[in-house]
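All chains should be modelled from the sequences, with the hints used to inform the complete structure.
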Amino acid sequence: MHSKRQDGRTKWYDWYSSTDTKQERALVFKLDMLILVYAMIAYWIKHIDQSNLTNAYVAGMKEDLGFNGNQLVHLQMMYTVGAVVGQIPFTVLANGYAELMTYRFMIGVFEAAFFPGVHFVLGAWYRCVIWERTNEDTMLIEDRGDEIGRRAGIFYIGQMLGILTAGLVTSGTTAHLDGVAGLAGWRWMFIITALMTIPVGISGFFIWPGTPARPNLRFLTHEELALAKFRLEVDKSDATEDKRKTRIQILRSIFTDWKIYVLTFWVVLFWNGGGNSSGGYLLWLKSLKRYDSVKVNQLGSTAPALGIGYVLFINFASDLFLGRTGALLLGQSMNFIGMVILAIWHVPESAKWVAFNLQYFSPAMSSVVYSWVNTICRGDTRERSIILVTVNLVAQSSTAWTSVLVFKTVEAPRFIKGWAFAATCAFASIAFTVGVVRPLSERVERELALHGGDGRKEAESSDERVLSKAG
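To convert, note that position 304 of the sequence shown is 304 in UniProt numbering; the numbers rise steadily by one, no gaps.
Since the hints were made in silico from the structure, they are not lab data.
Just to be clear, a hint being listed does not mean it is correct.
[Stated by the list, open to error] Derived BS3-like pairs: lysine-lysine, alpha-carbon spacing no greater than 30 Å straight-line: (1) Lys408 to Lys295; (2) Lys295 to Lys417; (3) Lys352 to Lys295; (4) Lys289 to Lys245.
Next comes the structure, spelled out in structure tokens:
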């Protein structure tokens, strides 16, 4: 039984590679159940918590707590400063703006490790690239991913579901629980979403598989772990931690190489190339003054609902037929069109509906971007972990100050500076992807092929020894 990938072409409807063995498919299925299902649910909960602020704002929180000026965007910024995921139930007790600022910061702090951590684990278990041979027995470097892109996309659906659910939960609590026990409907929304977080957090302790280097073997056998490491050897991924290098040597290697600088700048452009986090869609719907708060939150759910389709298409396309570059060009082009329409603003109302509902092409590309970072850095586990955290930290923190500068609440819903800035970043991201990231990624693959040899051939030389354990 060999994990050969010499014919290589996976059909668009195949979840597994056509060359995977029965044992490999069983392993990948188990990893999907342990990683993808939990990660998507946790990310769903995370984005309910992250999105519920704007939903509450248009559902009465602004009036109840006396918001004014740019206080909404400052609150959104405090979450970003703290970082990402979960729910602090104390929000229900908030009696004013300053108190809510503190709670929002705490949410960000306790959620900070989740997003880069999930992408690190995805890159630790799933194959990143497709290796094929030509008739001359040379390596053909593919722009398409192998397993990681569409699986990272499944994880990212949790964001769209979370934003969608936050709007529906807020509209439900506003319609049916407003005034119950003396609490406003938006406060009940915070209570309900906080309670949803607890079982998800506890179950992760038992379910999450860790990494091949530091596995959680509650649900994985030693034979499955050996097979997983074998698959990573084929992929030229480092499944272990090189103990020969000191931390200083690792850091020197990382910060004297191009990867951390190029990838950080690239991800900064990506993070700043969208406007969906501004809450502009909901604020625009409210400004029309033709819908009550329940209807505003219901209508605001259309964009993330469409976003689910965008995520699936972009991420499956990156693995199966468009390649990473093609998928990102398509997604950024659609996002760019939406940003330009909103920057112009004086267009038919129908065009604004289209533009706001194109916004989720921007986050739909996230898993392609981070999967590509995983792929480029897959040769060294510790380098990959540091670069993933760094690019996410710098990129996300950049939005803390750019949002305050260009998405000021007092300018809502016409964020002309914000939409123009996002459009510029989206266009720059397209150019940087084609002109810099792809050529450098191809160089990495050539270096792996030249200096690392044929990962498949090296792995297969010990195939019987490794796979006999899994048989």
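Legend entry - Unmet hints by their number, sorted upward, for this structure: 4
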